[in-house]
Structures are given as structure tokens and as C-alpha cells.
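With the hints as extra help, turn the sequences into a complete structure.
Number of protein chains: 2
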Amino acid sequence: MRRLREKIRDIPDFPKEGIVFKDITPLLMDPECLRLAVSSIADAFRDAGVAKVCAVEARGFILGAAVACELGAGFIPIRKPGKLPADTRCCTYELEYGTDTIEIHADAVSPGEKVLMVDDLLATGGTMAAACKLVEELGGEIAGIAFLVELAFLKGARKFEGYRVNSLITFE
Amino acid sequence: MRRLREKIRDIPDFPKEGIVFKDITPLLMDPECLRLAVSSIADAFRDAGVAKVCAVEARGFILGAAVACELGAGFIPIRKPGKLPADTRCCTYELEYGTDTIEIHADAVSPGEKVLMVDDLLATGGTMAAACKLVEELGGEIAGIAFLVELAFLKGARKFEGYRVNSLITFE
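Order-wise, the sequence lines are chains Y and D. Residue numbering for the first sequence follows our numbering, starting at 121 and increasing by one per position. Residue numbering for the second sequence follows our numbering, starting at 121 and increasing by one per position.
Any given hint might turn out to be false.
Identical copies go unnamed one by one, so any copy, or any two together, can satisfy a pair.
Dumping the calculated DSS-like pairs for lysine-lysine here, alpha-carbon to alpha-carbon at most 30 Å [as the list claims (entries may be wrong)]:
| hint | residue 1 | residue 2 |
| --- | --- | --- |
| 1 | Lys136 | Lys200 |
| 2 | Lys142 | Lys253 |
| 3 | Lys200 | Lys142 |
| 4 | Lys234 | Lys253 |
It should be emphasised that the hints constitute simulated quantities derived from the structure, not laboratory data.
Here it is in C-alpha cells:
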């Protein structure tokens, strides 16, 4: 994964002063790195009987749907409130300051269905934990949680004990 | 494409009264339909020398990155203001009421590079026209513009005369 790691660039002071943002857009722009990222995320869960891949907008959609195609699975979008047109279930979760809410279509998951959760970045894990809760409330089984990049120093993985978690690239 | 068309459901009065929303989430959830949509979009441009696929957040990311993988191309995200971390170029365009702005990374396209634009839906075409303008201002060449669904009665295709446009499913 060194090749992928080299394509991630640091952007200092984004989105605010003192934060070093890990920008994956150079990786996405590189055809071979994009394919390698998608196939490697899929490889870690090929034995997991994944029926659907689920991702949260907006950046999660980039790798999520491509991984779904790679695994021969369907794709489920989780979105901000008011974006999904049919009957939805929502989850509100805590941020550092305030709260955020995400929604899933109520018919997106069938009971017992194995769902792989995909996102580009594991930071504190709050959004992903809320996304997992939505899938489980619909009766889905979390087959695994896949990240392209994990910021291990934020200890987000602690929120997913008992789950099968895979991160391709870890920054300590 | 009848099989794909059957997976698109009408949601009346969304996002506002009197609008019938074409919801593609049942298509995305179906593994075979998702793959068929992605490979069919790619098929229409396999001869076009596509180096990069470009899509606008959020829904454009779903098919865009998967089509990039299918074509062996890189992926370029266009986003709402303030979301892309590095140096950006922006385009402001007219909506029915007011304006909207989208951004692209300044280093996303190399001069002469062939870029395929992908989105799930062609309605009035305002956002896609702005996205094409951004790519062209960076020196990119629009290899084509691909939509999963075209609402032909809104006549958005008129904005793309002279471009190679392909829509998999058209509603008259």
C-alpha cells in the first residue's frame, strides 16, 4: 500500500488552523491507484458474503459504489436530511460541537442482509457509527467496515470493537 | 435498458409539490442493475480515449468513480465551495431562483487531457454545463457527457450541442 500512501498529500490548516488534512484526490486521479484502492478494499471482504455496500455522502460515495461493483453487490446511499426521496429512518449523533443527522431509505436493507460499510477516512468515527446503527436498525448485519485511510491517533477504531474493520493506510 | 428503467421509481411531490422525482436508489441497490448501468455508461465511451472521469457531488460520485474504474481512468470530484482542500477554480451559475457555485482542484486536469463527465440525471443541465466549463478552463477536452437518466421534456441537452452526449434512459 506504499504506492497509495505516496499519493495522499498533506494540506496544512484545512479545514481550520492547526489541522493537517489528508487529501486523497491525487490518489483518485491516478487510474492505477484508484483501481488498486477499490480492489484492495474489496479483497479484504470477498469472503464475507456482502450483499450490499453502504456509504455516507459525499466522499463515501466515491469508493463505496466502485467497491459494490467490484464485489457484485448493490449500493446503498446514506445522506443528509431531506435528500432521500422515499420513506427514511434517521440517526442524530454528537459532533465535537453540536450534532449532525443522517438518513437511510427504510427499504434499503432486508433483515439479515450482509452489508459492507465503506468510507474514505476514519477520523473520530462518529458518522460511521451512526451509519452502522441505521443499517442495524433495519435488520442488516454489518459484514465489515472498510476505510481507505485511518487516522489512528484519533482512536476512532475504538467505536467499532466487535466489528471486522479494515483500513488500507494508517497514519499513526 | 428496459431492465434499468423498471428499477427507477416515481416519487410524487419531491422535492416539492407538483414535481415527480425519478428515484434511482432501487436500481443502485440491485447488484446486476448497478453493474449494467456502470458498464453501459462506460461502453458508450470506450473508444474515446478517456483519461479521467469527472463528476459533481454528491450523487454524481456514485456512478462517476465506478465508471472511472471500469474505463481504467482516474476520477476528479467537483464539489460545493469550501470542500476541496487545495488550490481551486470555481464557477457560479444560474438556477431557477438564485445561483449556485461549484469548485474543482486547479491541478485536477492536464492540458489536452480527455475527460468524461458523468452524472445520474440530466434535468435542466445547469450544473453539468458549469462542470464542463471548469474542466475546459483547466485545458481539458470533454470526451463526452454521460447520464444514466435524461428528463428530455426539460430540454437540458440543448446546453450541450457540439458535445458527445449519451443518456441510458430517457423519459419523454
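> Hint by hint, which ones does the structure fall short of?
Replying inline: Structure breaks no hint.
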